[in-house]
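Q: Use these hints to put chain L onto chain H, whose structure you have.
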Amino acid sequence: MNATASRSTRRRATVAVFAVVAVVAVFVVRLVTIQVVQADTLNAASFDKLSAETTTYGLRGDIVDNDGTVLATTVLRYDVTASPKSVTDFDRTDDEGATTTVTPTQAAGEIAAITGQTADQVYGILTADPSSNFAYVVRGIDVDAFRSIRDLGIPWLYYSSNPVRTYPNGAVAGSVVGFMGEDEAGEATGSAGVEQIENQCLTGTDGVQTYERGADGVAIPGSTVTTTEAEPGGTAMLTIDSDLQWFSQQALAARVQETGAAWGTVVVQEVKTGKLLAVADYPSVDPNNLDATPTEDRGSIAFQAPFEPGSTFKALTAASVLDAGLANVGTQVEAPYIFTDPNGASTRDSEFHVDPLRLTFAGVIQESSNTGTAMLGELLSPQQRFDYMTKFHIGSSSEVGFPGESGGILHPVDEWDDQTNLTTTFGQGLATTAVQMASVYQALGNGGVRLPVQLVSGCKQADGTVTQVPDTTGEQVVSPQAATDTINMLETVATGGYASADLQIPGYRVAAKTGTAQMSDGSGAYGDSYITSLAGLAPADDPQYVVSVTIAKPVTIENGLAAAPVFQKIMSQVLKEHRVLPSGVPGPDLPTTY
Amino acid sequence: MTNLAGAFMARPRTSIAEPAHDLPAITPHIEIVPTRSQKRARPKIAYAAVVVTGVLAIVVTQLLLSIGLSDGAYEISSLQSQQKELDRSNQVLSEQFDKLSSPQNLAASAESLGMVTNSAPVYLRLSDGAVLGSPVAAAGTSVTGGQALVPNSLLTPPTVAGATAAGAGAAGAESAPPAPEVQPDVPWQGALPSPTTR
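Protein sequence lines correspond, in order, to chains H and L.
For what it's worth, UniProt numbering labels the leading residue of the first sequence as 1, then goes sequentially.
For what it's worth, UniProt numbering labels the leading residue of the second sequence as 1, then goes sequentially.
Since the hints were derived computationally from the structure, they do not count as laboratory data.
Note that the Cβ used here is the ideal one computed from N, Cα and C, for glycine as well.
A few of these clues could be false.
As the list claims (entries may be wrong) - Here are the simulated SDA-like pairs of lysine to any residue, each with C-alpha atoms no more than 25 Å apart in a straight line:
hint: 1; chain 1: H; residue 1: K49; chain 2: L; residue 2: L69
hint: 2; chain 1: L; residue 1: K99; chain 2: H; residue 2: G181
hint: 3; chain 1: L; residue 1: K84; chain 2: H; residue 2: N66
hint: 4; chain 1: L; residue 1: K99; chain 2: H; residue 2: V164
hint: 5; chain 1: L; residue 1: K99; chain 2: H; residue 2: R147
hint: 6; chain 1: H; residue 1: K460; chain 2: H; residue 2: D471
hint: 7; chain 1: L; residue 1: K99; chain 2: H; residue 2: N66
hint: 8; chain 1: H; residue 1: K272; chain 2: L; residue 2: A120
hint: 9; chain 1: L; residue 1: K84; chain 2: H; residue 2: T56
What the hints assert, rightly or not - Away from chain L, derived, C-beta distances all over 12 Å, residues of chain H:
hint: 10; residue: V17
hint: 11; residue: T101
hint: 12; residue: P130
hint: 13; residue: G186
hint: 14; residue: Q250
hint: 15; residue: Q257
hint: 16; residue: G330
hint: 17; residue: N343
hint: 18; residue: G395
hint: 19; residue: S396
hint: 20; residue: E405
hint: 21; residue: P480
hint: 22; residue: P506
Chain H on its own, in the form it takes in the complex (with noise of 0.2 Å):
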């Protein structure tokens, strides 16, 4: 019997074993199909079903001024979309707990109330086509609207974010700063002014964030990887001081409108540095609401616009005068009504005279003679002149590099015929833009150094490094003296001149000179309208900011006068804002006439 016992025993053992086995076989063979066979099959089901992918965005870099007033920045901006297929009766609790039925007619005017849709409009949008699965109920909406719709806790909408530029100060260095437009492949990129030339500095590269979530959209835990960290752009740091250029925009705007002008702009510039403080046009484009501007307006006349100057290049000829040593501010010249070249080119002065001027070169240049300045000009080769011209960059652009910039247009020497050649002594016959002629005043304020035109002072990464800082090497263009001398010339503009009157700022000394173009009609030939202009620099002692007004076709005024106002009103804003001292010495008050 206990034989018979034990052996039973055995035997039930071992079927055990066996029964113990075969299920661990059973499951060993399914782990080996799930885990290893269909692996990748079952690893990509559930990750379609688990993991959310989720762009975070590597935003734009801002435009700052140079006191870090926000100019552009990136914001975000919500799209409401809805899945028609789903569109239906939902209950909503209040806070007290009561549970009332909301119908997608009464959800429609609720999202038409906060987006300012009419509630068909969103009905429509809703019912359009029953058997989609999306639709957009409203695009680009602020945080507060999108707060809004979300708080109603419809479940059939859904939202989605876009960053957005922005730009704070509206027209506020408008045309300078730019906008956006599209590229090729339709990505959003900077298509004109500052966001086009900082493009690659401001882009940000967005990154990619996969995990896996459970039912309720939480992460699994340990399931967030990262595939891309997002890059935020950099900082674009600007020269422009934005109050000043508000401040010029509003002066220019009021100027233009009142003589009845076409166009106008304003560069101020600082002597010391080379840095724009403020490029202002009029007509100029605010950023925000593109459309309101005729796209031919939205770009920078300063930097793209060459014009014929003027008057206001006597400056430069003087100088260069000067500068060769074939002349001092008291050389006497005899300047007539009509001057003629022994070429049989010839030129007049803008008022009537019968007698010739007994003028000084500083009277020469506070009359605004054409006559006298063409025969001292003269006293150089065109070869000469064209050097110095060169040399102050009259035609090559800056180192701006603004989209679009022009250089002016200045003709090789050699095909100057006789009337270019003497029309070049007094700024007809060549082109420069605005911020060409501010940097020839530049120069001769700063010792005739003439510094590179900053606009853009470096790109801030976000690690807080600074790149692309321009180059501030100077290059000596003209002496010291006949820097100084110009400058003394000049100021007898500012004391004696026909615009005198509106060129006084109490307690500071003025260099200035004003400038009456006619303008180029298109075909070659000269219009009957002009440009007046109005370039200084102050205090003429020891000079800190270049302030350069043009005015085009003016009509109520056509001479220097019109400009001048517009010189006076931001010259003494930019000495006040920056806390110049008024001029302690007087002027050389240089005699005009002999």
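A: Then chain L, alone, in the frame of chain H:
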């Protein structure tokens, strides 16, 4: 099992009455000393206890850990959505700040408060008390002339001028203007002058 031997041996002692005190002390309690290997083979409750508590501890720790982890996941998720909301609020406020601090808005607000500019500043030199420039009363001219010639479409909804004026009015009614506490910065260049005493 070892105790059985002792039991058998104890039995005769009960039947013999007297000789008990003659005899030397009855054979003491004897048992077979287990060999070392036997001792070792004996199951020890302590081991079982350690293993069971160990397993329990691991299970409990594991449980707590995963509770902690998923708790953390929910906390992270809630903090992330909180951060998102705060980022949104931050964006709203900084947008509003940038918009309100735009020169167009500042100039309009300043002029609506009756402020005018004086384009003839005068400087007081601290080192010798000299007055630089000629003091002139402000002409009372407006910079903007009431015209906003530099557009800013962000400001076009009339919320700005109206809202700021209303806001300023409301704030003024509620609390005293905080202006006196803020001293304007006076830019100073050069060494600060010090009184000369001998």
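Q: Which of the stated hints cannot be reconciled with the structure, identified by number in ascending sequence?
A: 3, 14, 15 and 22
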